[in-house]
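*Asks:* One-letter residues, chain by chain:
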Amino acid sequence: MRPIAAAVTGALLFCASLLAQNNRSAVSLTGNDTASCTVPDPCRTFDVAISKTNAGGEVIVLSSAGYGPFTVTKSISIISPPAYHAALAPTSGNAITINADNALVVLRGLTLNGSLGGQNGILFTGQTASPSGTTLSVENCVIGGFSGNGISFVRNGILFVTNLIARQNVYDAIYVDGSPGNPSWASIDHALLEKSLNAALEVQNASVAIRDSIAAAGYVGFWALASGPASTADVSVENCQATHNTYGYIAGNGGGTAQLIVSDSVAWANGYGLFADDNGTVRASNNRVSRNSIGLWQLGAGVFRSRGNNTVDGNSTATSGTITTFGPM
Amino acid sequence: MSQIAGAVVSILVCTSVIAQNNRSAVSLTGNDAATCTVPDPCRTFDVAISKTNAGGEVIVLSSAGYGPFTVNKSISIISPLAYHAVRAPASGDAITVNVDNAMVVLRGLTLNGSLGGVNGITFTGGSAASNTRLYVENCVISGFSGEGVNFARNGALFISDLVAREDGHAIFVDGSPGLPSSASIDHALLERDVYDGLRINNATVAIRDSVAAGNGFVGFMHVRMIQERLRIFPRRIARRPATSRALLQAAVLELHG
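From first to last, the protein sequence lines are chains Y and C.
Heads up: the first sequence at position 78 corresponds to 83 in the working numbering, and the numbers run straight through without jumps.
Heads up: the second sequence at position 76 corresponds to 77 in the working numbering, and the numbers run straight through without jumps.
Calculated from the structure, these hints are not laboratory results.
A few of these clues could be false.
Label-pair ranges, simulated between beta-carbon atoms [stated by the list, open to error]: (1) Y:Thr-78 with C:Leu-190: 38 to 48 Å; (2) Y:Thr-78 with C:Ala-129: 22 to 32 Å; (3) C:Ser-64 with Y:Gln-26: 35 to 45 Å.
Where a beta carbon is used, it is the ideal one built from N, C-alpha and C, also for glycine.
Next up, chain Y with everything else stripped away, as it sits in the complex (with noise of 0.2 Å):
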């Protein structure tokens, strides 16, 4: 009995050796993989200190360096203070990976930077088809040059975004997506989506709200999409600012069910100011329309309802199509 017991003891307790994880990692330029990955004895790459850390621990960054590429598959914060810079730069692939059910993350202060070949900034992936339970928030980051999307959100789940700069993404910068009857979440403030070659904010199969940010230069401002004939897209714009872009503001242009509330909002020399395009309706408040080539425009079965106390002046056409005005109540 007694050897039996030394046995199991002594197995059980070498387990847990194995098994030791830290509630805080830390990385550092001088850092080891083979460390320990705590703050005085940190290691040199998140991905190495993510799997030394306990689910709903974090890594910290304590200098500037490169971390390298990393797939999170629990609950975790990666935070790298504003003294430092923490960047990835991948050659391929994402520069993070999220495939995690029931998780909560947090990406803070990391700068992504994908010109050198990287495909997309933050992917979160998974079981497209159930929900994910995983909350996802990305705080003071900057995602840059990466040949997909900026940030790509593409299964169930709940996204935060506050204090964003993406600058020319190649496709968008934000895409936000969910799957029909699983629709994902989004609250964002704060971002500047810069020069993304198809889309600043794309949404499908998803429910989102926006403010405080801008649109510039790119092919699509503000997209609330609904590609599929069961999707859904629910989008509210407040605050922002869509400049230098062929289309504006679009509600519609897929087959599913497009919604797109703008309040407050400016759009200034796109080709097309607001849109509502088919399956789309925009509601459409207090905001200034000008100098773009159509200032409102409806098209097919897009429905397009402006308070009446929007600001549409000096476009080369100031409205087109059917424009249903309504007053305050």
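Guided by the hints, dock chain C onto chain Y, whose structure is given.
*Replies:* Here is chain C on its own, set in the frame of chain Y:
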């Protein structure tokens, strides 16, 4: 065969000569003979840029002056908030951007022109379309006799969180007739410039959440742009010379809100 081996060796030598960093670094204690990597940083931006691949980045590791530089490829020059990365030229421009088809990022830099600098940032080159995008973020540009940001050829300019004080013009955006530049400016303080806060020619510019205060002539000049939530100080405009007042009247103004 030996000739082939010799050729291989020379190719290898060339490769090692050309070898560059995806991420370079500069530091007060760096040396321009170094490799300019983060563990072995250089001393000046100009040398660090020359050792960096197109699309790469140069980061600042300590507070110091890193010298004027010229950008001729896609690159990001980044100083984290902890450090004061300064360029204080005694003459000429602090930063010159002269490149086509490039993405250039300048982030967290302080440009001091009070020692004799002409322009803070100059974007220059031929009169053809450049397809170059310049991003100026979290920068301070002060005391230049010319322009703070002198965007003087066709391209796309994006500015956020800028302080431009006591320059000739804080921001000048130009292109060429038929090839206008575009700019999007957010949270810019344009303070006490000798002439105009924002001056525009051959360009379309959107600016928001910004302040033009105490400028010698006009806060926002030749304003073919929107002005949203701007605070203009009319007293200063009223004080400007008659010639400038006439110019303003001739300008295309689209004032909303």
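*Asks:* For this structure, which hints from the list above don't hold up?
*Replies:* 2
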